[in-house]
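Please construct the entire structure, taking both the sequences and the accompanying hints into account.
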Amino acid sequence: MKHPIWRASVFVLGLLPPLYWLYLGWTSALGPDPGQVLVERLGQGALVILLLTLSLSPLQWTMRWTGWAHVRRQLGLWCFAYVCLHLTAYLLFILGLDWAQLGEELVERPYIIVGALAWLCLLVMAATSNRWSMRKLGPRWKKLHRLAYAVLGLGLLHMLWVVRSDIGLWLIYFACGAALMLMRTPWASRRLKQRRRARQGARTADRQPPAARF
Amino acid sequence: MLIRVPSASRCSSADITPESVYLSRRRFMAASGAGLALGALPGVAFAQDVSPYEVPVPAEQPTWFTEKLPGVQWRAVVPLDETITPFEDATHYNNFYEFGPDKGDPAEHADAMDIEPWTVQIDGAVEKPGTYSVADLVQPHRLEERIYRLRCVEAWSMVIPWLGFPLGELIRRAGPTGGAKYVAFETAVLPEVMPAVDSRFSLIDWPYREGLRIDEAMHPLTILAVGMYGRILEEQNGAPMRLVVPWKYGFKSIKSIVRLSLVEEQPYTTWQNLAPEEYGFYANVNPNVDHPRWTQARERRLPANLFSTNVRDTLMFNGYADEVASLYQGMDLAKFY
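Residue numbers (numbering that gives the first Met the number 0), protein chains in the order written: chain A, 0 to 213; chain B, 0 to 336.
The reader is advised that the hints may include incorrect statements.
Chain A is faced by these chain B residues, among others (derived, beta-carbon under 8 angstroms) [stated by the list, open to error]:
(1) His91
(2) Glu191
(3) Ala195
(4) Phe200
(5) Ser201
(6) Leu202
(7) Trp205
(8) Arg292
(9) Thr294
(10) Pro302
(11) Ala303
(12) Asn304
(13) Val310
What the simulated footprint calls covered on chain A by chain B, stretch by stretch (three residues with Cβ under 8 angstroms from a Cβ of chain B suffice, anywhere in the stretch; the number is not a length) [as the list claims (entries may be wrong)]:
(14) 22-30
(15) 145-151
Keep in mind that the hints were calculated from the coordinates and are not lab data. Just so you know, even glycine gets a beta-carbon here, dropped at the ideal spot from N, CA and C.
Okay, here's the thing in structure tokens:
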């Protein structure tokens with residue numbers, strides 16, 4: 000396995016925030032409505048991880064280091080895990096485990112429907128994230144995992160519909176998401192890849208042994 | 000019926016009141032007892048001039064407030080079987096969007112708001128329009144302690160002991176004329192201390208505005224609050240003077256009022272204007288009419304914690320149906336939400 004320390008660090012960094020938030024909730028440090036705060040933090044955490052996952056390809060295009068691609072699956076699974084926790088916290092703290100109410104919410108509330116769709120997309124991707132599925136699906140796997148872009152759109156819409164009066168924070172997420180999508184246009188991705196090639200060229204030139212002096 | 004006198008068999012609220020509040024209540028009762036005994040002596044008047052709650056009291060409270068304390072009618076309205084929300088939670092979990100969109104923003108930023116001196120403009124269909132100081136507005140009234148449920152439209156709730164006086168008394172003193180069909184309120188706009196007022200990302204068109212129908216405004220449950228937990232209001236709770244309408248969602252109870260107008264037409268109200276399909280002019284607490292984005296059938300009574308989520312059923316008119324349902328007789332509350 001390549002980059003074991005890098006992968007392990009990403010794993011620990013993914014694990015720490017939910018544990019820390021739970022600890023804060025446990026010690027009443029999240030205020031009088033800790034359930035609501037957990038739901039919000041887990042949701043935004045999932046969005047941040049999704050944005051990080053989507054920034055791996057552009058990073059890979061521009062830099063020589065190969066570590067970026069090696070944490071893509073892990074980050075995708077972290078995003079799924081955060082969304083699952085977000086959903087659990089919502090069921091526990093907001094709905095009070097009232098399943099009849101959940102049915103009603105799933106029918107009536109557009110933002111819940113959009114959130115549920117995003118979760119379903121992530122579920123499909125998580126379930127097909129193993130090597131066996133990759134082999135089995137062949138070229139269709141790559142297409143299927145473009146669902147990540149749909150999740151980004153659905154997630155942003157889900158959050159936009161929750162915002163009540165101040166869209167500043169949402170605009171930051173939106174701008175990051177839009178930038179990452181723009182980098183994927185053929186023109187931009189070609190430019191990014193050219194930069195790496197140019198740099199690589201420069202580096203190989205550096206490494207060439209000095210010309211013989213005699 | 001405005002003042003509920005609980006029967007002896009229902010006097011169980013002490014069992015569930017937090018210990019600190021309960022103990023201070025006992026201290027207060029003992030003090031009152033002493034007051035009664037002293038009061039029997041000629042020339043010795045008893046004054047309850049400290050907060051009966053164990054809460055932080057500002058070192059310097061304005062004299063217009065402190066000179067009212069001895070005359071306070073404590074526990075004038077008390078809900079049955081409710082636990083008073085801890086002061087810390089009531090003052091650190093607030094919506095006051097001028098100070099920022101997060102629940103902790105008001106407590107962090109509102110301290111900078113200077114509430115002394117403070118004036119309120121009273122205008123419109125009144126005989127005595129003018130700009131009055133809070134001191135002048137409070138002076139003729141006896142302060143009452145009203146312990147009210149507060150139900151936020153976001154589906155959380157608290158129980159808060161306010162100190163205030165009926166808005167109706169103030170309106171009567173101002174002398175409403177024939178055109179006074181509604182009351183419009185405005186919150187202060189102080190860009191130098193309110194970060195969100197200048198924010199480009201805020202969707203609210205400041206000043207924050209609210210309104211009531213005149214009969215709602217004159218209802219004895221509707222008060223102008225100047226204190227809480229036996230002391231002046233914290234800035235984040237709407238100091239120096241705010242509205243409290245206990246049967247409506249919290250956003251109706253406008254904070255830090257600088258203007259009160261009696262008007263003929265239904266006034267502009269902030270949230271209704273921002274999202275009319277979500278927030279109505281009436282905004283009566285109603286478990287049968289959902290917010291488009293979430294149910295209003297239940298609420299989280301705060302403080303909650305990870306082990307007890309305190310989810311409970313929301314009551315019609317927030318539990319004040321006996322007192323206020325008649326105001327809306329014949330109205331379709333699903334239409335006039």
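For each hint, the structure was consulted:
Against a cut-off of 8 angstroms between C-beta atoms, the interface hint on histidine 91/B holds, since the closest Cβ of chain A lies about 7 angstroms away. Annotation: glutamate 191/B was flagged as interfacial toward chain A, and the flag is violated, the nearest CB pair being 19 angstroms apart, outside 8 angstroms. Look at alanine 195/B: its Cβ gets to within about 7 angstroms of chain A, closer than 8 angstroms, so that hint holds up. Interface restraint check: phenylalanine 200/B against chain A, minimum CB-CB distance 3 angstroms, threshold 8 angstroms, status holds.
The beta carbon of serine 201/B is positioned within 8 angstroms of a beta carbon in chain A (closest approach about 5 angstroms), and the interface hint is therefore held. Of the supplied interface hints, the one on leucine 202/B holds, with its beta-carbon coming within about 5 angstroms of a beta-carbon of chain A, less than 8 angstroms. Evaluation of the tryptophan 205/B hint against chain A yields a violated restraint, the C-beta minimum of about 11 angstroms exceeding 8 angstroms. Contact between arginine 292/B and chain A, as hinted, is supported at the beta carbon level, the nearest pair being about 6 angstroms apart and thus within 8 angstroms.
The criterion of a C-beta within 8 angstroms of any C-beta in chain A is met by threonine 294/B, whose closest approach is roughly 6 angstroms, and the hint holds. Annotation: interface hint on proline 302/B holds; nearest CB of chain A at approximately 4 angstroms, less than 8 angstroms. At about 6 angstroms, the closest approach between the beta carbon of alanine 303/B and any beta carbon in chain A falls short of 8 angstroms, and the interface hint on this residue holds. Interface hint status for asparagine 304/B: upheld, as the beta-carbon distance to the closest one in chain A is roughly 6 angstroms, under 8 angstroms.
Hint status for valine 310/B relative to chain A: holds, with the closest Cβ pair at about 3 angstroms, below 8 angstroms. With 4 residues bearing a CB less than 8 angstroms from a CB of chain B, the segment 22-30 of chain A meets the requirement of three and the coverage assertion stands. Here's how the segment 145-151 of chain A fares: 0 of its residues keep a CB closer than 8 angstroms to some CB of chain B, so the rule of at least three is not met and the hint is violated.
The structure shown violates the earlier hints numbered 2, 7, 15.
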